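The listed protein sequences correspond, in order, to chains C and V.
So in the working numbering the end of the first sequence lands on 325, straight run, no missing numbers.
So in the working numbering the end of the second sequence lands on 325, straight run, no missing numbers.
Don't take every hint at face value.
Same chains, same names: a pair is fine if it fits in one copy or spans any two.
Straight-line distance between alpha carbons at most 20 Å, and here's what the computed SDA-like set of lysine to any residue pairs gives [claimed, not checked]:
1) Lys316 with Gly134
2) Lys181 with Lys288
3) Lys288 with Gly261
4) Lys288 with Gly148
5) Lys157 with Val274
6) Lys236 with Arg319
7) Lys236 with Val130
8) Lys157 with Gly202
9) Lys288 with Gln139
10) Lys236 with Pro207
11) Lys236 with Ala162
12) Lys157 with Thr176
13) Lys157 with Gln203
14) Lys142 with Gly202
Source of the hints: derived by calculation from the structure; they are not laboratory data.
These numbers come from a predicted model, not from an experiment.
Protein chains: 2
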Amino acid sequence: MDCGLYIITDEVLAPGCSHIQIAKESLSGGAKIVQLRDKRRSGAELFAIANVIRSLCTENSAKFIVNDRLDIALATCADGVHLGQDDLPLSAARALAPRPFIIGVSVGTVEEAVIAEKGGADYLGVGPVYPTGTKADAGPAVGTALVSSIREKTTVPIVAIGGINLSNAKDVLAAGADSIAVISAVICSPDIAAASRKFVRLINPQD
Amino acid sequence: MDCGLYIITDEVLAPGCSHIQIAKESLSGGAKIVQLRDKRRSGAELFAIANVIRSLCTENSAKFIVNDRLDIALATCADGVHLGQDDLPLSAARALAPRPFIIGVSVGTVEEAVIAEKGGADYLGVGPVYPTGTKADAGPAVGTALVSSIREKTTVPIVAIGGINLSNAKDVLAAGADSIAVISAVICSPDIAAASRKFVRLINPQD
Ligand code: NI
């Protein structure tokens, strides 16, 4: 998996900004992975939006991931699905979607990380690293120490998430994160593409 | 598809009664199809519940259908999925789940019914036949006349739904419905199995 900037589209956190607009602008700013996350819209709406973002990602050589809904992911030929601890179990998802289909799993402890890797996760979403007001069910911040601990016990890519901004991103990468997932910090910016570019420079300084 | 009693489990409409309990009791009363419908629970919870109902249906030679979530249906080896007009489009679902996997589609007009049949629906959910307080997004009652009109223009089984009770069920069957889907009328009964049996006798008088 490409270890670039990972953008999570969330319309709730970016009022007036659509999933498609967030995807388009962040891709033009160099995002390498776009995750469509929406717990409110109907399957028909998600399907239509996912098809557009699928094309945008293909044009930009980026990966497209759907949050939670494996059916929408498969129906739109997404590259993968992202599963929380309360979504469809990893083993069940993997049985329906063999590799190279990507399955990412949110983990909040070393134990969950080890179980997810053994269960066939292709990357681990670790967080929330810092306190965040963006996800009600995200739990307390785990800090960069958890990123380091998980890095010691697992080998799959770590996508760090939660409260990461341009000031603290270096610490997160230094702790062992391969990628940084950004919701509010980038998305709520008036210039999503420019904000994305700044993160991309931090994650891939050689680019 | 067996044209017996079609039960939709809905915990919201039967407070204190779980999906599993509704399924178990209605199956013992002779239900031939059980649809798990739940818009609130997490994927992990739905998966666990669906696995249990899957087994119950197998033991009772009944079909198991999942509402909306094709991923949960496929992951639990359900017999099929039921799609509303605002769920994953039929064509996309059919591409992921070839026959004999059952796909049912809710239709509210003759045109929707013809499109669904052409698109590969295995049965049509027609309704709401009578006014119902059980589904906020169900739209105005369509009456038995729509069942008749759809019967004239299509050949796949019709499962009539919405406000059907022991008094009006005969009219619905006479209008051309092959099966009757029951939510509140059966589920809110203190004896789900006994109530199911009464509907079964109406639908299959020869049994
Ligand atoms: Ni969901």
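> Which earlier hints turn out false for this structure, listed by number in ascending order?
Replying inline: 1, 2, 5, 6, 7, 9, 12 and 14
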